[in-house]
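Student: Sequence lines, in order, name chains A and B.
In case it helps, this note's numbering puts the first sequence at residues 1 to 165.
In case it helps, this note's numbering puts the second sequence at residues 1 to 119.
Possibly wrong hints are sitting among the right ones.
[Claimed, not checked] With the Cβ distance kept under 7 Å, some of the chain B side facing chain A (calculated, not the full set):
#, residue
1, 36
2, 73
3, 89
[Claimed, not checked] Rough simulated footprint, nothing fancy, chain A against chain B, three-plus residues with beta-carbon under 8 Å:
#, region
4, 19-28
5, 46-52
6, 58-71
[To be verified] Chain A regions said to be covered by chain B (calculated; three or more residues, Cβ under 8 Å):
#, region
7, 27-34
8, 38-47
9, 51-65
10, 85-93
11, 96-107
12, 152-162
If you are wondering where the hints come from, they were derived from the structure by calculation, not from laboratory data.
Quick reminder that beta carbons are idealized off the backbone N, C-alpha and C, glycines included.
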Amino acid sequence: MNSIIFTILSISMVFGAILSIFSRNVVHSLLWAMVSFIAVSGIFLHLGATYNAIIQLLIYVGAIPILIAAAIMLTKSSDPNYNITRKVRLIYSIVGIIILCIILGEFISVNKDFYLSIHQCSVYVNSYSDIISIAKNIYENHFILLIEFGLGVLLTVIGVSHYEK
Amino acid sequence: MKSNVIYCLTTYNYQILSLIMFIIGLLGVILLKNFIKILISAEFIINGINILFISFSSYQPSDSYIGFTIVLFTTGISAVVLAIALYFLYILSKKRINTDTEELFNDNESMLNNNEELM
Numbered sequence: 001m002n003s004i005i006f007t008i009l010s011i012s013m014v015f016g017a018i019l020s021i022f023s024r025n026v027v028h029s030l031l032w033a034m035v036s037f038i039a040v041s042g043i044f045l046h047l048g049a050t051y052n053a054i055i056q057l058l059i060y061v062g063a064i065p066i067l068i069a070a071a072i073m074l075t076k077s078s079d080p081n082y083n084i085t086r087k088v089r090l091i092y093s094i095v096g097i098i099i100l101c102i103i104l105g106e107f108i109s110v111n112k113d114f115y116l117s118i119h120q121c122s123v124y125v126n127s128y129s130d131i132i133s134i135a136k137n138i139y140e141n142h143f144i145l146l147i148e149f150g151l152g153v154l155l156t157v158i159g160v161s162h163y164e165k
Numbered sequence: 001m002k003s004n005v006i007y008c009l010t011t012y013n014y015q016i017l018s019l020i021m022f023i024i025g026l027l028g029v030i031l032l033k034n035f036i037k038i039l040i041s042a043e044f045i046i047n048g049i050n051i052l053f054i055s056f057s058s059y060q061p062s063d064s065y066i067g068f069t070i071v072l073f074t075t076g077i078s079a080v081v082l083a084i085a086l087y088f089l090y091i092l093s094k095k096r097i098n099t100d101t102e103e104l105f106n107d108n109e110s111m112l113n114n115n116e117e118l119m
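Next up, chain A with everything else stripped away, as it sits in the complex:
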């Protein structure tokens, strides 16, 4: 069973990456890359790295595609021959609303059935997650790396703002 899950995840990851490279439109490429990143997150979850899987979903599926989509819209680098008619756009929006309703329904049903109090949540996090171990590892053993990372981000932001002037 585990090897089946691994096979499905790895095939979807490689398939998404290859299609992302070979698709002609940049937006399609971005969407296939998102498929690949979701599969990578599943592999992290499969390996027991729950916190890294959540971070992967938040950053690689949530933040970076929006950033790239904004860049595509600003630079107008998409194919000028790619025109979506109003009818197709309506169909896409209806499909999107249906998917949104399904996700909201899942959230509501999960909160209704598996409600956890704050105390239960903290016990759950303490016993079943790697978040605390990673936090201890960062703040006790590798805090210099954290400071260097923060300084690096600060320097890049300062450099970019200086370049703008």
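Fit chain B to the supplied structure of chain A, relying on the hints for placement.
Tutor: Same frame as chain A, now just chain B:
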């Protein structure tokens, strides 16, 4: 949670997967011309490396989470690098509409040649 690591799969499987992902990203960086696609391919390379880190850290018998920690930092750094690259792309696109890297370098060469002729 290292107690749930699946031991029927070895690190060899994850190494092969990481290598495939790395090669796909490398091919994308070398072969593609669109700047945004090159950045996406670079993200594939980083994801391949992350899989390697996580797999080695998961299969390590001791309670060290160094691989998980490094993956957190690489994720943050890759996001920062991508944001900066897209910002420079935006600055470039103010002058040139197309983001084709070959045309970008050709334009630079033609500009340099023009400057030399002027000098």
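Student: Give a verdict on every hint.
Tutor: Status of the hints after comparison with the structure:
no.	hint	in the structure
1	36	5 Å, holds
2	73	6 Å, holds
3	89	6 Å, holds
4	19-28	holds (count 6)
5	46-52	holds (count 3)
6	58-71	holds (count 8)
7	27-34	holds (count 3)
8	38-47	holds (count 5)
9	51-65	holds (count 8)
10	85-93	violated (count 0)
11	96-107	violated (count 0)
12	152-162	holds (count 4)
The structure fails hints 10, 11 (numbered hints given earlier, in ascending order).
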